[in-house]
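Given the coordinates of chain A, work out where chains B and C should sit on it, guided by the hints.
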Amino acid sequence: MQSKKLGWLLLSPTLFILGLFGIFPFIYVVWVSFHEWNPFAANPEKLFNWAENYRKVVFDAQFLASLGVTLAFVFFAVVSEVVIGYLLAQAFMKNFPGKSFFRTIHTLPLIMAPIIVGSIWKLMTTPSIGIIPNLLDTWFGIDLNIGQSALAAFSITVIMDIWHWTPLVTLSLIAALVSLPSDPFEQAQIDGANKRQVFWHITLPMIRPALIATVFIRLMDAMRTVDEVLMLTGGGPGSATRYVGVHIYKEVFPRTNYGYGSAISVIVLYLSIVICWLLYVSLIAPRNKKG
Amino acid sequence: MSDKTENTAKSGFLPIETNWFDRLFISVVIWVALSLFWMRFIEPLGLSVWIAAAISVALGAHIIRKG
Amino acid sequence: MKRSNPWLAVLFWTFLSFLTLFPIYWLFVISVKPAVDLFSTPDILLTAIDWQNYVKVMNDSTLRGYMMNSLIISTGNAVLVTTLGFLACYALTRFDLPGKESVFFWTITNRMAPPAVFLLPLYLLLTQVYVIGDFKLADTHLGMILVYCTFNLPFAIWTLRPTLDGIPKELDEAAVVDGASAWKVISDIIFPLARPGLAVTLILTWVFAWNEYLLAATLTNFNARTLTTGLSEYVTTTGTEWGVMAAISVFTLIPALIVFGMVQKHIVAGLTFGAVKG
Numbered sequence: 001m002q003s004k005k006l007g008w009l010l011l012s013p014t015l016f017i018l019g020l021f022g023i024f025p026f027i028y029v030v031w032v033s034f035h036e037w038n039p040f041a042a043n044p045e046k047l048f049n050w051a052e053n054y055r056k057v058v059f060d061a062q063f064l065a066s067l068g069v070t071l072a073f074v075f076f077a078v079v080s081e082v083v084i085g086y087l088l089a090q091a092f093m094k095n096f097p098g099k100s101f102f103r104t105i106h107t108l109p110l111i112m113a114p115i116i117v118g119s120i121w122k123l124m125t126t127p128s129i130g131i132i133p134n135l136l137d138t139w140f141g142i143d144l145n146i147g148q149s150a151l152a153a154f155s156i157t158v159i160m161d162i163w164h165w166t167p168l169v170t171l172s173l174i175a176a177l178v179s180l181p182s183d184p185f186e187q188a189q190i191d192g193a194n195k196r197q198v199f200w201h202i203t204l205p206m207i208r209p210a211l212i213a214t215v216f217i218r219l220m221d222a223m224r225t226v227d228e229v230l231m232l233t234g235g236g237p238g239s240a241t242r243y244v245g246v247h248i249y250k251e252v253f254p255r256t257n258y259g260y261g262s263a264i265s266v267i268v269l270y271l272s273i274v275i276c277w278l279l280y281v282s283l284i285a286p287r288n289k290k291g
Numbered sequence: 292m293s294d295k296t297e298n299t300a301k302s303g304f305l306p307i308e309t310n311w312f313d314r315l316f317i318s319v320v321i322w323v324a325l326s327l328f329w330m331r332f333i334e335p336l337g338l339s340v341w342i343a344a345a346i347s348v349a350l351g352a353h354i355i356r357k358g
Numbered sequence: 359m360k361r362s363n364p365w366l367a368v369l370f371w372t373f374l375s376f377l378t379l380f381p382i383y384w385l386f387v388i389s390v391k392p393a394v395d396l397f398s399t400p401d402i403l404l405t406a407i408d409w410q411n412y413v414k415v416m417n418d419s420t421l422r423g424y425m426m427n428s429l430i431i432s433t434g435n436a437v438l439v440t441t442l443g444f445l446a447c448y449a450l451t452r453f454d455l456p457g458k459e460s461v462f463f464w465t466i467t468n469r470m471a472p473p474a475v476f477l478l479p480l481y482l483l484l485t486q487v488y489v490i491g492d493f494k495l496a497d498t499h500l501g502m503i504l505v506y507c508t509f510n511l512p513f514a515i516w517t518l519r520p521t522l523d524g525i526p527k528e529l530d531e532a533a534v535v536d537g538a539s540a541w542k543v544i545s546d547i548i549f550p551l552a553r554p555g556l557a558v559t560l561i562l563t564w565v566f567a568w569n570e571y572l573l574a575a576t577l578t579n580f581n582a583r584t585l586t587t588g589l590s591e592y593v594t595t596t597g598t599e600w601g602v603m604a605a606i607s608v609f610t611l612i613p614a615l616i617v618f619g620m621v622q623k624h625i626v627a628g629l630t631f632g633a634v635k636g
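One line per chain: the protein sequences are A, B and C, in this order. Our numbering puts the first sequence at residues 1 to 291. Our numbering puts the second sequence at residues 292 to 358. Our numbering puts the third sequence at residues 359 to 636.
This is chain A alone, in the form it adopts within the complex:
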C-alpha cells in the first residue's frame, strides 16, 4: 500500500510537467480552435463559433498548397532515404578495413542541429558564395539558383534531408541485418534462389519490423521539418518549400488570428496522430495475428 503511494509520488513530477506542457496545450488548442479570437480585432474576446475556423481551413488555398508540398517533400525524402539507406546497410555487411571508422563518420550528421544543417546548406548553395552552383555552372553550364527556381529549392531541401537523415536509416537497418540468422540464406543458396528472390522472400519479411519502425519515424520527422528549411529557403521562392511547419511559423503565427491558427495546428496534429497510431498498429498487428 505504502509502496504504491511512493511509486506515484516518484512519477508525479514527470506527469505534472508533461501534463502542464504536453496534454493541457493540446486540450487548449482544440478548445481555442472552436472560437473566433483575435486580440487585435474589434472584439478581442473569445467568441464560440462552432466549426467556422475549420470551414475556412478546408478552403484555405495557401494551407492546402503547403500540405501538398509537404507530402511531396516527405515522399521524395523518405523514399530516397530508405532506398539509399538499405543499399548502404547492405554494403556495410561486408568486411573491409576501417569499417567502424567509416561508420562513425556516417553517423556524424545525426547529432547536428537542424538549424546548423540549414545554415551549412545555405552556405553551400547560395549562388554568390556556394560551391555547388559554382561547380554546376563551370562543369555543366547549369544555373542553380535556390532563390528563384522553385524546383531547385525543393530539390535542395530534399537533398539536405537525405544528407541529414539517411544515416539513421542505414544504422537501424544494419542493426536489423546483423541480427538475422544465416540458415535461411544458406538454404536459399542451396535451392538456387537468385538475388531478387532472396531479397523479396527472405530479407524483406525478416527485417520488416525494423523497416516499418524506421520508415514511420522518418515520416513523422520529415513531416515536422521546420528549422532547416526556414534557414535554407525561408519557405521560398513563393511557396515552393513552405512546408506545414514553416507555414505555421511564418504565416499563421504572426497573424494573431488565434482561433484560425489553432484550427490549422489541430489539423496538422490530427494528421501526425493518425500516422503515429498507424505505426503503433503496424508494429503490434503482426504480433497479434500470431497469438
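Among the hints, a few may not be true.
Cβ-Cβ distance ranges computed for the label pairs, FRET-style [as the list claims (entries may be wrong)]:
#1 W341(B) x L374(C): 51 to 59 Å
#2 E591(C) x K94(A): 31 to 39 Å
#3 L369(C) x P127(A): 28 to 36 Å
#4 L305(B) x N95(A): 27 to 35 Å
#5 I27(A) x D395(C): 51 to 59 Å
#6 S179(A) x W341(B): 48 to 56 Å
#7 I202(A) x W341(B): 51 to 59 Å
#8 G619(C) x K5(A): 38 to 46 Å
Rather than coming from a laboratory, the hints here were simulated on the basis of the structure. We treat Cβ as the ideally placed atom computed from N, Cα and C, and that holds for glycine.
Below, chains B and C alone, put in the same frame as chain A:
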C-alpha cells in the same frame, strides 16, 4: 495468449485486435476526416455537416459494438 | 563483385565520407575566409586563414549573452529531465502501478507531436495563462527549461528504462529488508549502478536542448534567447555577412561534435525510441 494480458481485446471485422478505446479512437478519427471532407466538397452543395456527424455516429456505434 | 576486393569498398566509403564531411568542411572554409575573398570564385582549398569572424562573434555582447542563455537552459533542462526521468523509471520498473504501461506509452506521444503545432498554444499559455502575479514564464530561462521537457523528458524515460530494468530487483529488496529507506536505496544502490546510462541520457538531452530552435524562436524575446535563434536573427537582420553566420554556426556545432564520440553508439537507439538497438 493475448486475452491474459488484455482481457477486453477482441477481434471483429477490423483487421486488428482492438479494445474499446482503440475502437472509439478509430471512430473519432473517421468522424474528423469525414467532417472535413464534407465541409470541403458536400456542404457547398447544400447538405448540412450534421449529416456527416450523423453518419459518423452511426458508423462509430457499429465499430464500437462489432469492431 | 565488390565482395572480392575489400579495397573497392574502402574507396567507396571514402567517397561517401567525403560527401558527409564536405558540407561541414565548407562551413569552416567560409568562416575563416577573409571578407575580400568571399565573393571571388569559390576555392575548395583554403588559401588563407582569417579568424576575424570568430573575434567578431566573441566581441558581440548580445551573442555572448545568447550563448550563456543556451548554456543555462540546456544544462538546466538536461539535469532536470535526467533526474525526473530517473525517478520515473525507478517507479515504472519497481512498483506494480495500475496502468503504468499506458503512462509509459503516453509519454512518448509527447515527443512525437510536431513542435510547430504547439507554438500557438504554448505561446498563449506562457504569456497569458501560466502567470503568477507579474511573473510570466515566457522569455525566462525557467520557462524554456520546462518547455523543453516536453520532448526531452519522454526521451530520458525511454532511454533510462532499459538501464533500470537491467539492475536486479533483489538488490533493493535486500536493502529494504536491512532497513534502508526508499531514498537511501535510490541514492546508494540504484544511482551508482545506473550512472553510465544516466551520463548518456544527460549528454544526449543536453545536445537536443542546445540544438532546439523553433520553440526558442517563438517563446523568447531577449532575456532567454538562445544561440540558435541568434544565428537566424543574424541572417535576417544583416543578410549578407556570411562569414559571421558561418562562425556562429561553428560555435553552435562545437559542443555536439565534442560529445559525439562519447554517445555515438546510443544516438540511433535514442532517435528510434529503442526500436533499434544501434
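Status of the hints after comparison with the structure:
{"no.": "1", "hint": "W341(B) x L374(C): 51 to 59 Å", "verdict": "holds, 58 Å"}
{"no.": "2", "hint": "E591(C) x K94(A): 31 to 39 Å", "verdict": "violated, 47 Å"}
{"no.": "3", "hint": "L369(C) x P127(A): 28 to 36 Å", "verdict": "holds, 32 Å"}
{"no.": "4", "hint": "L305(B) x N95(A): 27 to 35 Å", "verdict": "violated, 47 Å"}
{"no.": "5", "hint": "I27(A) x D395(C): 51 to 59 Å", "verdict": "holds, 56 Å"}
{"no.": "6", "hint": "S179(A) x W341(B): 48 to 56 Å", "verdict": "holds, 53 Å"}
{"no.": "7", "hint": "I202(A) x W341(B): 51 to 59 Å", "verdict": "holds, 53 Å"}
{"no.": "8", "hint": "G619(C) x K5(A): 38 to 46 Å", "verdict": "holds, 43 Å"}
Hints 2 and 4 from the earlier list are contradicted by this structure; the remaining hints agree with it.
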